[in-house]
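Hey, can you work out the whole structure from these sequences and the hints?
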Amino acid sequence: QKEVEQDPGPLSVPEGAIVSLNCTYSNSAFQYFMWYRQYSRKGPELLMYTYSSGNKEDGRFTAQVDKSSKYISLFIRDSQPSDSATYLCAMIDFGNEKLTFGTGTRLTIIP
Amino acid sequence: DAGITQSPRHKVTETGTPVTLRCHQTENHRYMYWYRQDPGHGLRLIHYSYGVKDTDKGEVSDGYSVSRSKTEDFLLTLESATSSQTSVYFCAISESGSSYEQYFGPGTRLTVT
Numbered sequence: 327q328k329e330v331e332q333d334p335g336p337l338s339v340p341e342g343a344i345v346s347l348n349c350t351y352s353n354s355a356f357q358y359f360m361w362y363r364q365y366s367r368k369g370p371e372l373l374m375y376t377y378s379s380g381n382k383e384d385g386r387f388t389a390q391v392d393k394s395s396k397y398i399s400l401f402i403r404d405s406q407p408s409d410s411a412t413y414l415c416a417m418i419d420f421g422n423e424k425l426t427f428g429t430g431t432r433l434t435i436i437p
Numbered sequence: 346d347a348g349i350t351q352s353p354r355h356k357v358t359e360t361g362t363p364v365t366l367r368c369h370q371t372e373n374h375r376y377m378y379w380y381r382q383d384p385g386h387g388l389r390l391i392h393y394s395y396g397v398k399d400t401d402k403g404e405v406s407d408g409y410s411v412s413r414s415k416t417e418d419f420l421l422t423l424e425s426a427t428s429s430q431t432s433v434y435f436c437a438i439s440e441s442g443s444s445y446e447q448y449f450g451p452g453t454r455l456t457v458t
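Chains as they are written, first to last, in this note's numbering: chain A, 327 to 437; chain B, 346 to 458.
Don't take every hint at face value.
[Stated by the list, open to error] 27 Å max Cα-Cα, derived BS3-like pairs, lysine-lysine:
#1 B:K356 to A:K396
#2 A:K368 to B:K356
#3 A:K328 to B:K402
[Claimed, not checked] Sample of chain A residues facing chain B (criterion: CB under 10 Å; computed from the structure):
#4 P334
#5 F359
#6 Q364
#7 R367
#8 G369
#9 P370
#10 E371
#11 Y375
#12 L425
#13 T426
#14 G430
Just so you know, the hints here were simulated from the structure itself, not pulled from any lab data. Only a predicted model underlies this, so the values are computations on that prediction, with no experimental measurement involved. Each residue gets a CB set at the ideal place from its N, CA and C atoms; glycine is no exception.
Spelled out as structure tokens, the structure:
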């Protein structure tokens, strides 16, 4: 079983819809939770990070962490075609200082 | 993009040949990483460096070696390429080992025939 599970999709939604992307994890030592966005043929770029359970908002993006359920989510409001990308969740265990990535969810926003 | 370049960007090589990929940064970050990205596996760490001449293995290091003789350059070598090493390779940098923020290069697409 992988430490981080992420539905690969693909996920297609109409422009303006709310998008929900999710990851589950098994390692309770993970302390920081990140979302990276990767456009086609590009390297990943950090979108958001959270430390504690709860919500963190940045513009149209909201990251949510539920440590008790080992579940994290990324919500995108008013989705735009420019949001079309692969979204990777990532987590870090400061004990070994390694990022562990999910496999990524490929998202397409249909105009 | 952060000041990270990778070369070559694309390469096709034959099984059994040696291959070296280069990562160059202009950010003066201490940590550098090599990942491979494959469908169904996501990003997996191959090797990383925490300083000049200081390197360590990652999750999938078999068949790969690295070297870092200067802060700005991190080389990944496939001593004898195999078809299972066909992948997209990404270099990343960070200021500290515990940094959640890694900056990624544009990637190298390697095909081993």
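Status of each hint after checking the structure:
1. Straight-line distance between C-alpha atoms of K356 of chain B and K396 of chain A comes to about 40 Å, which puts the hinted pair past the 27 Å bound.
2. Distance restraint check for K368 of chain A and K356 of chain B: the Cα-Cα separation of roughly 16 Å lies within the 27 Å cut-off, and the hinted pair is therefore satisfied.
3. Under the criterion of a C-alpha separation no larger than 27 Å, the hint pairing K328 of chain A with K402 of chain B is consistent with the structure, at around 19 Å.
4. Taking 10 Å as the C-beta contact cut-off toward chain B, the hint placing P334 of chain A at the interface holds, the least distance being around 7 Å.
5. For F359 of chain A, the suggested interface contact is upheld, since its CB lies about 9 Å from the closest CB of chain B, less than 10 Å.
6. The interface hint given for Q364 of chain A is met, as the beta carbon of that residue sits about 8 Å from the closest beta carbon of chain B, less than 10 Å.
7. The interface hint given for R367 of chain A is met, as the beta carbon of that residue sits about 7 Å from the closest beta carbon of chain B, less than 10 Å.
8. Satisfaction of the interface hint for G369 of chain A is found here, the shortest Cβ-Cβ separation to chain B being roughly 3 Å, below the 10 Å cut-off.
9. With its C-beta approaching chain B no nearer than about 5 Å, P370 of chain A sits inside the 10 Å limit, and its interface hint holds.
10. Restraint check, E371 of chain A versus chain B: the minimum CB separation of about 7 Å is within 10 Å; hint holds.
11. Given the 10 Å rule on beta carbons, the hint for Y375 of chain A holds: about 5 Å separates it from the nearest Cβ of chain B.
12. Taking 10 Å as the C-beta contact cut-off toward chain B, the hint placing L425 of chain A at the interface holds, the least distance being around 6 Å.
13. Nearest Cβ of chain B to the Cβ of T426 of chain A: about 9 Å, under the 10 Å cut. The hint holds.
14. A distance limit of 10 Å between C-beta atoms decides the matter here; for G430 of chain A the minimum to chain B is near 6 Å, and the interface restraint holds.
In summary, the one numbered hint that this structure violates is 1.
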